[in-house]
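Using the sequences provided together with the hints, build the complete structure.
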Amino acid sequence: MEMPVPSQHRLDRKSELVLRLRAILPADCVIDDPMETRAYECDALSAYRCPPMAVVLPYTTEQVAQTLKICHDLNIPVVPRGSGTSLAGGAMPTSDSIILGVSRMNDVLDTDYDNRVIRVQTGRTNLSVTGAVEADGFFYAPDPSSQLACAIAGNIAMNSGGAHCLKYGVTSNNLLGVRIVTMQGDILDIGGAHLDAPDLDLLGVICGSEGQLGIVTEATLRIIHKPEGALPVLLGFDSNEVAGACVSDIIRAGVLPVAIEFMDRPCIRATEDFAKAGYPDCEALLIIEVEGSPIEIEEQLEKILAIAATHNPVEMRRANDLQEAARIWLGRKSAFGAMGQINDYMCLDGTIPVSKLPYVLKRIGEMSREFGLGVGNVFHAGDGNMHPLILYNANEPGELEKCEAFGAEILKLCVEVGGCLTGEHGVGIEKRDLMDHQFTRDDLIAQMNIKDVFDPAWLLNPAKVFPLDASASRRDGGM
Amino acid sequence: MHQHHGAMGGCDMIHFPTSEQDVAQYLGAAKGSVTIQGGGSRTLHQPAGDTLSMEKLTGIVDYEPGALTMVARAGTPLADIEQTLAQENQRLAFEPVVMNDVLGKTGASTIGGVFASNASGSRRIQAGAARDFLLGVRCVDGAGTIIKNGGRVMKNVTGYDLVKLLAGSWGQLAALTEVSFKVLPISETEATLSVAVTDPVAAVALMTRVMSTPYDVTGVSYDPAQGVALVRIEGFEKSVSYRSAELRQVLAPFGDVDILSDLASRAMWQALRRLGPLVGQSGTLWRVSVKPTDGPAVVEALHGAPYVMDWSGGLIWAVLPSDFDLRASLSQIAGHATCFGQGHSLLHPHSAGVAAIMQGIREKFDPHHLFPTHSKAA
Chain G
1 MEMPVPSQHR LDRKSELVLR LRAILPADCV IDDPMETRAY ECDALSAYRC PPMAVVLPYT
61 TEQVAQTLKI CHDLNIPVVP RGSGTSLAGG AMPTSDSIIL GVSRMNDVLD TDYDNRVIRV
121 QTGRTNLSVT GAVEADGFFY APDPSSQLAC AIAGNIAMNS GGAHCLKYGV TSNNLLGVRI
181 VTMQGDILDI GGAHLDAPDL DLLGVICGSE GQLGIVTEAT LRIIHKPEGA LPVLLGFDSN
241 EVAGACVSDI IRAGVLPVAI EFMDRPCIRA TEDFAKAGYP DCEALLIIEV EGSPIEIEEQ
301 LEKILAIAAT HNPVEMRRAN DLQEAARIWL GRKSAFGAMG QINDYMCLDG TIPVSKLPYV
361 LKRIGEMSRE FGLGVGNVFH AGDGNMHPLI LYNANEPGEL EKCEAFGAEI LKLCVEVGGC
421 LTGEHGVGIE KRDLMDHQFT RDDLIAQMNI KDVFDPAWLL NPAKVFPLDA SASRRDGGM
Chain B
1 MHQHHGAMGG CDMIHFPTSE QDVAQYLGAA KGSVTIQGGG SRTLHQPAGD TLSMEKLTGI
61 VDYEPGALTM VARAGTPLAD IEQTLAQENQ RLAFEPVVMN DVLGKTGAST IGGVFASNAS
121 GSRRIQAGAA RDFLLGVRCV DGAGTIIKNG GRVMKNVTGY DLVKLLAGSW GQLAALTEVS
181 FKVLPISETE ATLSVAVTDP VAAVALMTRV MSTPYDVTGV SYDPAQGVAL VRIEGFEKSV
241 SYRSAELRQV LAPFGDVDIL SDLASRAMWQ ALRRLGPLVG QSGTLWRVSV KPTDGPAVVE
301 ALHGAPYVMD WSGGLIWAVL PSDFDLRASL SQIAGHATCF GQGHSLLHPH SAGVAAIMQG
361 IREKFDPHHL FPTHSKAA
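Protein chains in written order, with the numbering used here: chain G, 1 to 479; chain B, 1 to 378.
By construction, these hints were calculated from the structure, which means they are not laboratory data.
All the given hints hold, so there is nothing to weed out.
Stretches of chain B that chain G covers, calculated by requiring three or more beta carbons in the stretch to come under 8 Å of a beta carbon on chain G:
(1) 126 to 132
(2) 158 to 167
(3) 182 to 190
With a Cα cut of at most 35 Å, we get these calculated DSBU-like pairs of lysine-lysine:
(4) LYS333/G with LYS276/G
(5) LYS56/B with LYS364/B
(6) LYS333/G with LYS362/G
(7) LYS148/B with LYS105/B
(8) LYS148/B with LYS31/B
(9) LYS167/G with LYS412/G
(10) LYS412/G with LYS148/B
(11) LYS362/G with LYS303/G
(12) LYS226/G with LYS167/G
(13) LYS364/B with LYS412/G
(14) LYS105/B with LYS364/B
(15) LYS226/G with LYS238/B
(16) LYS333/G with LYS226/G
(17) LYS303/G with LYS333/G
(18) LYS412/G with LYS402/G
(19) LYS167/G with LYS238/B
(20) LYS303/G with LYS238/B
(21) LYS148/B with LYS167/G
(22) LYS333/G with LYS238/B
(23) LYS412/G with LYS333/G
(24) LYS402/G with LYS333/G
(25) LYS31/B with LYS364/B
(26) LYS167/G with LYS276/G
(27) LYS148/B with LYS362/G
(28) LYS69/G with LYS364/B
(29) LYS148/B with LYS402/G
No residue lacks a Cβ here, since even glycine has one placed at the ideal position from N, Cα and C.
Here is the structure:
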């Protein structure tokens, strides 16, 4: 992965930078010992690593602002970090940058059930937002798989989704307001407990901007009342086409499940060997979950099973209680772990129009043979968000490169059929150089123009999202 | 195609592009002021300078009922979109408000206008706003550059989300030429529980209470003229009947409860979608968005003017005397207000930092200052 050449001028300023940061921040906020900064050398895209010059972990928004002012003065790039769970390298530093992490800012600031909002500091983990309100019957809906660890700051940066966003939407649809600090150190409040934006919807463009526009330190989030219950049904089919047609028919019939998960045969076999969830040996498997009271669940499951029955399923298994539900989810939830038992894997997240599912799966199978690398598919079928897992051996020279080339071909295919490079993980460094396949240069300039406005010197997370040659003149402007 | 209009005696032009290329050519060469217009059914203020009418840029480009997505050119009439969706038993779940009756406009609302104004109706509180359903755009900025952003899939985090920035931007940044959006099934049936309530404080107490239940309420409004709060639930037959019974229990302490079944319920919300309770009132239409518990304070500032509350009390539509500026009375309340006809869209001035960013974004999209600016601060 190509990254910009570190600036010697910036590296030479390290001691001055650390001195100035220490002068205004509590002693434990600034880390510059190379032994300790190594812990921040990568995120969950661990194939790429580079320790930063220093790491700053502030306790308050004001400290974030002061840190950014100093870095702005000294022309030092800043890479924001939540919990470091990005699969796209969104929080990977360069050697001439600092990491600014919000992990110490994790308080709940206000809970307001009448207006259905919670205000939190963004270092708080996704699951602990729900943790703060679930005793009162509420929850925060977006549920990325990393929700136990991932921070709201990172969720906002990447506009994270999850299995249940078919019904509840992604982060952007559940975010009502932010306190954001710009690279110049200005603290801005945007949005709040009321709905929609006055004038331009800045919140809309901040969410998903991958930490390039500012550092969000507080967020006002929509909370909603939990449904009375939820149960899944498992359906097995002997072809991907039929499973895809079944998904389409369910949606057209007006049933709106909270989740529709899809696994293909390689993935089913791997999880069976690993988790022994008792899945049928078939080409394609769907797990569909519906919510509501027992009567409502019954009504929806009946409709789903009636539709599925017209597609000659090899298996239809409905959960009657929570224990059976857990067994149905067991394999799906261990799918990534199961694939990891076989080999190293790379997880993609291209999204496609649902109707293109059978074609794309067929092409991925063909490419798998061409590249000589195995691939299993597990994904959110209701919204076309695929997660092909490409297996490779990291210890074998050249395999990572081959795997990346295969991955790039899959993502280009997603764009070709009318989809996109990333549905919920973000671009980061991983998909940066594929952006030209989805966008014209004019499209990219329109996006980079927004960064010019928020961060004219391009110091916030600069070498991400845009192809390096597209952003080069802007990034060099600040040198 | 060109046409003159000149109510003020000037020689301002109306341009009717029939393709995206047309729009690009026109804006690339335009000078002076340009107001982008859909059907002109929900105009914020009088157009200044030339008008770029999108009315002839029409047609549904793609519709996949099984994927819940549609792509249409910006000038396609809202009515055509809704009719096509209804044939597949689907709809725009954000229930765009239709303003012809209340504003006395004859133009046909266009899908581009719906998204450019982020026009969401009662179901916004459960399903999300127009901006939440907009998946992708093609547009032309003030320099005549064609830009696309987003796409036609429901989950997409590839690059910055300019889609949401353009939704609700009221023609300040670019002319939308094509929009791609998510649709949802029409529910099998619905019901509305109607509760007699006499004041906005009691109404908001009731409305916030029902939004704190697991019963998936899809509309909750208060019409003071009728003295009723309305609570809508939608879905399959058994589910609606179950939740009606449960909600009746929840609502009993607030007043007498009536239940309107399917057709009566649909008619009721259809009327609210056209702001029926305010049609025929003379004055200026205001729209105020605050958090629901601030709703009663907004009503108090109306000094008896006709209004209707939606979104659990957080959205107030009111008709006020034309010389009355509501914003002065609401300086202590967080939120925003829009005045149709005069274009004020702020309760409070933006902070200097936010104002500078908005201005910076306008400069980028519209370097020659063709498009109007709506953010007149108090």
